[in-house]
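Number of protein chains: 2
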Amino acid sequence: MSAPTTAPAPLSIQLGHAHDLPRTDEAKVPQLIERMKAIVGADGVLTHRAELAVYECDGFTVEKNKPDVVVFPTTTEQVVRIVKACNELDVPFMARGAGTSLAGGCVPVGGGVMLALARMKRILEVNVRDRYAVVEAGVVNVWLTNQLKSHGYHYAPDPSSQGACTIGGNVATNSGGPHTLKYGVTVNHVIGVEMVLPDGSVVVTGGPCDDAPGYDLTGVIVGSEGTFGIVTKTWVRITRNPEAYRTLLGVFSSIDDATNTISDIIGAGIVPAALELLDQTILGAVEAAFKFGFPLDAAAVLIMEVDGLAAGIQEEADRIEAIATKNGAREVRKANSEAERLALWKARKQAFGTIGRLGYPSYCTQDGVVPRTKLPEIMRFIQGVSKQYGIAIANVFHAGDGNIHPILMFDERDPDQVKRVLEASGAILTECINLGGSVTGEHGIGVEKLDFMPRLFAPEDLSFMVRLRTAFNPANRCSPNKMLPTAGACSEPTQLKPGRRAAV
Amino acid sequence: MSAPTTAPAPLSIQLGHAHDLPRTDEAKVPQLIERMKAIVGADGVLTHRAELAVYECDGFTVEKNKPDVVVFPTTTEQVVRIVKACNELDVPFMARGAGTSLAGGCVPVGGGVMLALARMKRILEVNVRDRYAVVEAGVVNVWLTNQLKSHGYHYAPDPSSQGACTIGGNVATNSGGPHTLKYGVTVNHVIGVEMVLPDGSVVVTGGPCDDAPGYDLTGVIVGSEGTFGIVTKTWVRITRNPEAYRTLLGVFSSIDDATNTISDIIGAGIVPAALELLDQTILGAVEAAFKFGFPLDAAAVLIMEVDGLAAGIQEEADRIEAIATKNGAREVRKANSEAERLALWKARKQAFGTIGRLGYPSYCTQDGVVPRTKLPEIMRFIQGVSKQYGIAIANVFHAGDGNIHPILMFDERDPDQVKRVLEASGAILTECINLGGSVTGEHGIGVEKLDFMPRLFAPEDLSFMVRLRTAFNPANRCSPNKMLPTAGACSEPTQLKPGRRAAV
Chain G
1 MSAPTTAPAP LSIQLGHAHD LPRTDEAKVP QLIERMKAIV GADGVLTHRA
51 ELAVYECDGF TVEKNKPDVV VFPTTTEQVV RIVKACNELD VPFMARGAGT
101 SLAGGCVPVG GGVMLALARM KRILEVNVRD RYAVVEAGVV NVWLTNQLKS
151 HGYHYAPDPS SQGACTIGGN VATNSGGPHT LKYGVTVNHV IGVEMVLPDG
201 SVVVTGGPCD DAPGYDLTGV IVGSEGTFGI VTKTWVRITR NPEAYRTLLG
251 VFSSIDDATN TISDIIGAGI VPAALELLDQ TILGAVEAAF KFGFPLDAAA
301 VLIMEVDGLA AGIQEEADRI EAIATKNGAR EVRKANSEAE RLALWKARKQ
351 AFGTIGRLGY PSYCTQDGVV PRTKLPEIMR FIQGVSKQYG IAIANVFHAG
401 DGNIHPILMF DERDPDQVKR VLEASGAILT ECINLGGSVT GEHGIGVEKL
451 DFMPRLFAPE DLSFMVRLRT AFNPANRCSP NKMLPTAGAC SEPTQLKPGR
501 RAAV
Chain P
1 MSAPTTAPAP LSIQLGHAHD LPRTDEAKVP QLIERMKAIV GADGVLTHRA
51 ELAVYECDGF TVEKNKPDVV VFPTTTEQVV RIVKACNELD VPFMARGAGT
101 SLAGGCVPVG GGVMLALARM KRILEVNVRD RYAVVEAGVV NVWLTNQLKS
151 HGYHYAPDPS SQGACTIGGN VATNSGGPHT LKYGVTVNHV IGVEMVLPDG
201 SVVVTGGPCD DAPGYDLTGV IVGSEGTFGI VTKTWVRITR NPEAYRTLLG
251 VFSSIDDATN TISDIIGAGI VPAALELLDQ TILGAVEAAF KFGFPLDAAA
301 VLIMEVDGLA AGIQEEADRI EAIATKNGAR EVRKANSEAE RLALWKARKQ
351 AFGTIGRLGY PSYCTQDGVV PRTKLPEIMR FIQGVSKQYG IAIANVFHAG
401 DGNIHPILMF DERDPDQVKR VLEASGAILT ECINLGGSVT GEHGIGVEKL
451 DFMPRLFAPE DLSFMVRLRT AFNPANRCSP NKMLPTAGAC SEPTQLKPGR
501 RAAV
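Keeping their order, the protein sequence lines are chains G and P.
Residue numbers for the first sequence follow the numbering used here, so the first one is 1 and each next one is one higher.
Residue numbers for the second sequence follow the numbering used here, so the first one is 1 and each next one is one higher.
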């Protein structure tokens, strides 16, 4: 571990530095708006400056750009017509779900047309017998689980934003959630998509049956951050609700004890449904908001959940309790009812919403990954960064996956604080790479982390990705300048210091 | 279900009809051989007609073609030089593992250079702490599990051919195996590859850490049947051995009882490690070879295995036993020791090798998928096809996945029998599609099933795949004419009767 008190090497990396495109030619905009109105009707189009401001960014508020027009299609056929019109007028276009992403994936770089998919919100089919559902891209994640409840099923990927985020957006970023540890991320639950390609043609990959022959196109579309086309419909697996749960709360006097507990649980061959860590800072906020009775003097708590068949689950919970105790847990509490369990999950999932209690007007949720065994090191590093840059940092994250989410708190109106937040974020992400991890576990590259890609991938590997994008999106008109550095940047070796990532 | 006694509609589909390429110009061959010898040395090159005959096909013996030269590289750098030489001389090239594939994926269409990867057989790293291994493409599947044994780990994908097949070959076809039901197929265990692109450049996708940002290139390379390039090295997940197993053998008087048992086990929320069905015909062969004491008058047996933590596993096994009994199992036997369990698995995995006992000189193992709930229908259909075409058919397959493997037995020297086997195979695979399934679960399309692709995919979807291949393999010189029908065939609408698959 490089000591956090040693200043990181001067960063050639800038967070949130999108490679800008020139904006759409003003003269085209009236014609663009007319074309959109002709396709979806006047009530499906937003053009007023104040209305457009809502769509200028996502949860990464540092990078903003207004679209020229926002359009709300209701059918795939309308999406096709919109895309074709954009091609004819040579303006960029991109899809947007609920805008809950955190890395600027929703910023309309270069302006152009934003296709807001919120009105494509039908659950088209639920097939419990063959265990799949078909949903339009704008369906909110939790709606599907709600609809499945009476059947005893749910949709497994459960990001903290599941009450707002859309399944189409989850497909774009390959979203995870607390239960990713056992159940996998979005790509493990999407078995087919309908996608409008950037040239306006429609493809269907996969479908209700597993094991389709041919290339695994569905797999490569999931997580492509909208750069291959616009996903309009998805076939998703539905998951039977577990017969039983055991949900434990481990209370620790040091973060090391908590992270060692995680390693030991996994090392024992147990695959918990979730292993979530909340540190003292975030506990204070959650407690202020919800009064759950969390111990405010604990350095960290771990939410530890196992699920599955009733047979054997108590033994599994007992083993977890023993492991936590062996690692110095002060206390291991148990959720004794479904209500207590749900309260615990409410605390976890709404943790981000309680940050306002800590007195900072703004916060930036970072997203990094380290090998699980490096969690103690990265947590110590984050504490050092907090001191070094004078930025308060809270931590609540998917500890079982090694997927950290430091929350950097600041005042957006103070440019110096903004600068320090970006520098501190860069230092943390750089350390994730140094420890053999990466700069995003589930939020994506978006525009925020473009400059990290050449640190993670060799030039050949990046150009392999660009080739892939070019096959489908040759003009780079569909969600331009996301995820992959621009060709110009890629070919400038002095700037990029390419090299295979250290861990390979 | 369409009754099998109704003759299937005249098939526009031919199995094993590769779209031939003209062979390499004879005049080039001596130069080609010299170039290869200069790269790997004379002892790394085969050129004699008799030697080349070994490499003219894989387990699908209907379609054969000799390569012009077989070359055995030992390093990625040699693979690069071979590929570059092939490009300079404009000859096709392709990789071969152990040649155990069953759909003609190893046939060198058009001749050219076959890169036999058998000498790239080093296990480069085993990292138990971070749960991955790095292997060269020619490492035999079971070698890795053998090497991991002392650590208490294994490599999960376990095709029946695991004693011979290579991990590189498994990557090409996305191999499954009996334990696929719980543990997933090859793509779920490969976290990175090193691949030589058809232009000779080398890319690395993924690596030891999960959650890499960017496109999931590893995922789309796995299962691409060698059409994107030559995988030379892979990073694979290693899996902890389960703490405990319970292995049961259900004996059934009817195949329907066995297949209903499967549906009920899954319906109860149990995820067995394996659910394998052997029918009466194959039982006879296995029994003749191994004398396990299988009941020869049973219509089918089911090998049912659960694994995991010791806590609760007996309850799970008891529930499975109760479900089998409720569905009319005559008897449920239990493996009472590790030796008994291994004997049962030996019977399953070597079943194909015992077919010789049944008195047919040749057999063709088919590979199809149906939704699990359609297993009773497809099994009845297969029985009808057997009668209609006068071809004996045995069945041993991954029942839990709905992945059938009818084994059609015949005499290869009799052209009429060969014709009937191909027609019977075509009828079975067509019925798989009609039931909402597909024509391959794990053996791939190869050259055998090319003509089925336009039945499974709409023209837009196929052209999307061709676009992807073209991005990496523009001259189609790397493993030409595999998996995707040739462009000519694709654009001939009268031949192809395109249309979305019925099940979508």
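No lab work stands behind these hints: they were computed from the structure.
Glycine residues also receive a C-beta, built at the ideal position from the N, C-alpha and C atoms.
Certain hints may be false.
[Stated by the list, open to error] Quick look at which bits of chain G chain P covers, simulated, 3 or more residues with Cβ under 8 Å:
1. 194–203
2. 218–226
3. 363–375
4. 432–441
5. 454–461
6. 470–478
Return the numbers of the hints above that this structure violates; sort them in rising order.
none
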